[in-house]
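Student: Chain order of the listed sequences is A and B. With the first letter of the first sequence counted as 1, position 298 gets the number 298 in full-length UniProt numbering; the numbers rise by one all the way through. With the first letter of the second sequence counted as 1, position 19 gets the number 19 in full-length UniProt numbering; the numbers rise by one all the way through.
I should point out that these hints are in silico values taken from the structure, not numbers from a laboratory. Every residue, glycine too, gets a C-beta built ideally from N, C-alpha and C. Keep in mind that a hint or two might mislead.
Said to hold, decoys possible - Label-pair restraints from in silico Cβ distances: (1) B/Asn289 x A/Arg295: 25 to 31 Å; (2) B/Thr177 x A/His3: 55 to 61 Å; (3) A/Pro172 x B/Glu207: 50 to 56 Å; (4) B/Glu234 x A/Asp129: 37 to 43 Å.
Said to hold, decoys possible - According to the in silico footprint, chain A covers these stretches of chain B (three or more CB under 8 Å from chain A): (5) 50-56; (6) 276-282.
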Amino acid sequence: MQHLEELKQQIRDRLPALDLVIGWEAGFDPLRATPLFMRQPDDVDRLIIGPQCVHNLATHLTGLKGRKIGIVVKGCDSRTIVELLQEKLINREDLVVFGVPCSGVVSVGKIGRKMGSLDYVEGVEFSADSVTVASEGVQNSFALEEVAADKCGRCQYNTPLLFDVLVGEPRPGDVVDDYADVATFEEQPLEARMNHWLEAMDRCVRCYACRNACPMCVCRDHCVAQSRDPHWMTQEDTVENKLLFQIIHTMHLAGRCTECGECERSCPMSIPLLLLRRKMNKEIDALFDYRAGTRIDATPPLLSFKVEEEKINERGW
Amino acid sequence: MAAKFIAHTELDAWLGRISERYRALVPRREGNAVVFRPFDPAMPVELKARPTESPKAAVFPRCEALLAYKYEKDPEEPGRVEVEVAERRDGVPTVVIGGRPCDAAAFKTFDRVYDSDRVRDLNYLNRREMTVLVSLVCSKPATTCFCHWMGGGPASTAGSDVLMTPVADGHVFETLTARGDEVIGTELPDASDAQMTEARKVQAAAEAAMGEPVDVGAAREKLLALFDDAGFWEAESAKCISCGVCTYLCPTCYCFNITDEKFGHEGVRLRTWDYCMSHLFTMEASGHNPRPTKAHRLKNRVGHKFSYYPSLHGGNIACCGCGRCIRSCPASVDIRAIVLNAIAAPAPRPKG
Ligand code: SF4
Ligand code: SF4
Ligand code: SF4
Ligand code: SF4
Ligand code: SF4
Numbered sequence: 001m002q003h004l005e006e007l008k009q010q011i012r013d014r015l016p017a018l019d020l021v022i023g024w025e026a027g028f029d030p031l032r033a034t035p036l037f038m039r040q041p042d043d044v045d046r047l048i049i050g051p052q053c054v055h056n057l058a059t060h061l062t063g064l065k066g067r068k069i070g071i072v073v074k075g076c077d078s079r080t081i082v083e084l085l086q087e088k089l090i091n092r093e094d095l096v097v098f099g100v101p102c103s104g105v106v107s108v109g110k111i112g113r114k115m116g117s118l119d120y121v122e123g124v125e126f127s128a129d130s131v132t133v134a135s136e137g138v139q140n141s142f143a144l145e146e147v148a149a150d151k152c153g154r155c156q157y158n159t160p161l162l163f164d165v166l167v168g169e170p171r172p173g174d175v176v177d178d179y180a181d182v183a184t185f186e187e188q189p190l191e192a193r194m195n196h197w198l199e200a201m202d203r204c205v206r207c208y209a210c211r212n213a214c215p216m217c218v219c220r221d222h223c224v225a226q227s228r229d230p231h232w233m234t235q236e237d238t239v240e241n242k243l244l245f246q247i248i249h250t251m252h253l254a255g256r257c258t259e260c261g262e263c264e265r266s267c268p269m270s271i272p273l274l275l276l277r278r279k280m281n282k283e284i285d286a287l288f289d290y291r292a293g294t295r296i297d298a299t300p301p302l303l304s305f306k307v308e309e310e311k312i313n314e315r316g317w
Numbered sequence: 001m002a003a004k005f006i007a008h009t010e011l012d013a014w015l016g017r018i019s020e021r022y023r024a025l026v027p028r029r030e031g032n033a034v035v036f037r038p039f040d041p042a043m044p045v046e047l048k049a050r051p052t053e054s055p056k057a058a059v060f061p062r063c064e065a066l067l068a069y070k071y072e073k074d075p076e077e078p079g080r081v082e083v084e085v086a087e088r089r090d091g092v093p094t095v096v097i098g099g100r101p102c103d104a105a106a107f108k109t110f111d112r113v114y115d116s117d118r119v120r121d122l123n124y125l126n127r128r129e130m131t132v133l134v135s136l137v138c139s140k141p142a143t144t145c146f147c148h149w150m151g152g153g154p155a156s157t158a159g160s161d162v163l164m165t166p167v168a169d170g171h172v173f174e175t176l177t178a179r180g181d182e183v184i185g186t187e188l189p190d191a192s193d194a195q196m197t198e199a200r201k202v203q204a205a206a207e208a209a210m211g212e213p214v215d216v217g218a219a220r221e222k223l224l225a226l227f228d229d230a231g232f233w234e235a236e237s238a239k240c241i242s243c244g245v246c247t248y249l250c251p252t253c254y255c256f257n258i259t260d261e262k263f264g265h266e267g268v269r270l271r272t273w274d275y276c277m278s279h280l281f282t283m284e285a286s287g288h289n290p291r292p293t294k295a296h297r298l299k300n301r302v303g304h305k306f307s308y309y310p311s312l313h314g315g316n317i318a319c320c321g322c323g324r325c326i327r328s329c330p331a332s333v334d335i336r337a338i339v340l341n342a343i344a345a346p347a348p349r350p351k352g
């Protein structure tokens with residue numbers, strides 16, 4: 001991978017002026033990468049890039065405010081950075097963004113379903129458009145398209161929207177995301193939709209990984225879900241309560257969620273949380289013609305005030 | 001003690017019969033997760049994939065009402081308010097089928113805390129006494145498994161009432177305790193000699209597949225020595241997002257939180273799971289938090305399991321090596337690596 005070597009060199013060149021650079025390294029098995037925090041030139045040797053680099057590393061940025069940080073981003077991750085900058089949650093001058101054009105990341109969940117178990121992954125090979133997983137002596141190949149994260153199938157931002165260094169060839173993104181999945185879900189009767197959520201949320205363990213993994217969920221330690229004073233939410237683990245928390249999360253992320261999918265990926269109970277977030281984004285898109293983190297110089301609609309919104313007919317009702 | 005055989009084709013019928021006498025919790029696939037649910041003949045039991053969560057909720061529910069209370073004004077003396085308190089203790093006879101040997105071993109971590117000379121947690125003990133563990137031998141360890149570092153093994157009998165070993169056409173059930181005998185009963189056919197030989201082979205192969213255990217005994221002293229080494233803990237926790245996945249899925253995490261949930265004049269006192277990765281954990285009423293950052297919190301998680309707990313409980317480590325915290329961590333934080341890094345870290349310079 002010549003791009004990897006180029007990226008490593010770029011990072012080594014800039015590391016002396018930075019507190020650290022965040023990238024990925026191999027995790028506990030070849031399918032599971034893990035975030036890498038590079039402080040010394042030696043650390044850069046461990047860097048990897050590829051479809052196993054699923055984490056949106058921008059999640060760490062707000063926690064590192066005030067330090068000089070380098071960060072490696074895919075296209076979708078760059079949207080998070082745009083949104084964080086627009087909301088003034090991070091400072092551009094403290095940041096060096098290393099962009100890598102992306103052809104999609106794998107969904108470990110999807111591969112797991114196909115393989116039956118991912119407990120024994122011995123080896124993984126990636127080609128331009130396929131993934132081969134070896135487990136228990138058996139090798140299985142999948143088209144990347146088939147096992148990519150859902151977000152990748154509708155991604156128009158394979159090339160980062162913002163970067164200081166771009167390593168590799170820009171990739172055009174020509175897909176249109178018309179929120180077809182949300183529209184299909186909405187065709188179901190109300191009762192069926194409610195049952196879908198009650199069934200899924202029933203297995204929520206209230207671990208709040210969905211919240212902590214979310215780069216835009218910046219209240220974290222002061223979250224309504226656990227605050228004692230005021231005591232907004234009961235600690236009862238009824239399914240209604242658990243769903244209520246997700247609705248709150250969704251509302252707080254309306255027009256801010258960049259659909260990075262980290263909430264859903266992090267959920268150990270595989271609850272399809274992204275559909276909730278996308279429902280709200282669909283409405284924001286329809287009302288304000290805005291998708292979070294896609295326009296560098298825009299102001300997010302819920303942070304702006306216009307006497308008359310173009311798409312909301314305030315006086316005509 | 002008995003050894004019985006249940007064919008694959010008979011398992012559901014047998015679980016159905018068990019369900020008439022007990023709450024029978026079995027692993028079931030929901031989405032990509034494998035969770036413990038009461039047996040339902042319409043839903044397949046998942047015995048191949050490792051359960052995502054541990055079965056600890058069987059004895060330590062995620063949320064339980066310890067008591068209910070009610071305030072009442074004294075009609076004679078309206079300034080006086082009486083409070084009526086009703087203690088609650090529940091539990092039903094339960095069998096957990098398909099937990100792993102590490103899960104069974106993990107319950108011992110709880111017992112040392114909740115059933116000690118100083119403290120007896122009656123709610124916990126009540127359920128613990130009613131719960132029977134039928135553990136499934138892991139025919140092959142996962143890449144995240146390290147039960148053998150912790151003195152366990154994929155075919156270990158420690159803590160289980162029955163050991164269930166997969167063989168070609170079904171499972172051999174070996175009872176280990178009187179409670180196990182009671183659940184298994186006498187109705188099933190005895191395992192044949194051939195089946196027993198096969199079961200022993202499966203068990204031995206599983207143990208052999210684990211490789212050499214790593215001795216982490218040195219972690220106890222070393223973690224204490226690193227207690228004030230903020231640099232070490234910051235580096236180890238950098239990628240952690242301080243969520244609760246590792247602790248909530250961990251079979252040995254037993255911390256709890258208590259909140260009074262009042263609605264009007266009545267309320268309940270709830271006990272729910274707490275976790276050291278949370279900002280609110282050990283938050284004091286003054287607003288001071290002795291563990292203000294994720295580095296402090298991760299230090300507590302690893303330190304508690306590998307140093308403080310063993311110091312208090314006869315050298316026993318409060319980790320059973322199930323690997324759930326590694327496998328389900330959104331950032332793939334690996335507790336094994338942290339412990340080994342701690343052991344390998346240069347001794348911090350003495351302060352002064
Ligand atoms: S959404 Fe786009 S940029 Fe993000 S991982 Fe998928 S293809 Fe890559
Ligand atoms: S809500 Fe989910 S998809 Fe949206 S920004 Fe947060 S983690 Fe990403
Ligand atoms: S990550 Fe999943 S299980 Fe955890 S609180 Fe969120 S929805 Fe619930
Ligand atoms: S170690 Fe992993 S699972 Fe645990 S709090 Fe940190 S990120 Fe969450
Ligand atoms: S610390 Fe991790 S490996 Fe140890 S018992 Fe808990 S979940 Fe299992």
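Student: Next, verify each hint and record whether it holds.
Tutor: Verification of the hints:
Evaluation of the 25 to 31 Å hint for B/Asn289 and A/Arg295 yields a failure: the beta carbon distance comes to about 39 Å. Between B/Thr177 and A/His3 the Cβ separation comes to about 59 Å, which falls inside the hinted range of 55 to 61 Å. The given range of 50 to 56 Å is respected by A/Pro172 and B/Glu207, whose C-beta atoms sit roughly 54 Å from each other. Between B/Glu234 and A/Asp129 the C-beta distance comes to about 40 Å, which sits within the given range of 37 to 43 Å.
Residues of the region 50-56 of chain B lying with their CB closer than 8 Å to a CB of chain A number 3, which satisfies the three-residue condition for coverage. With 3 residues bearing a CB less than 8 Å from a CB of chain A, the region 276-282 of chain B meets the requirement of three and the coverage assertion stands.
The earlier numbered hint that this structure contradicts is number 1, and it is the only one.
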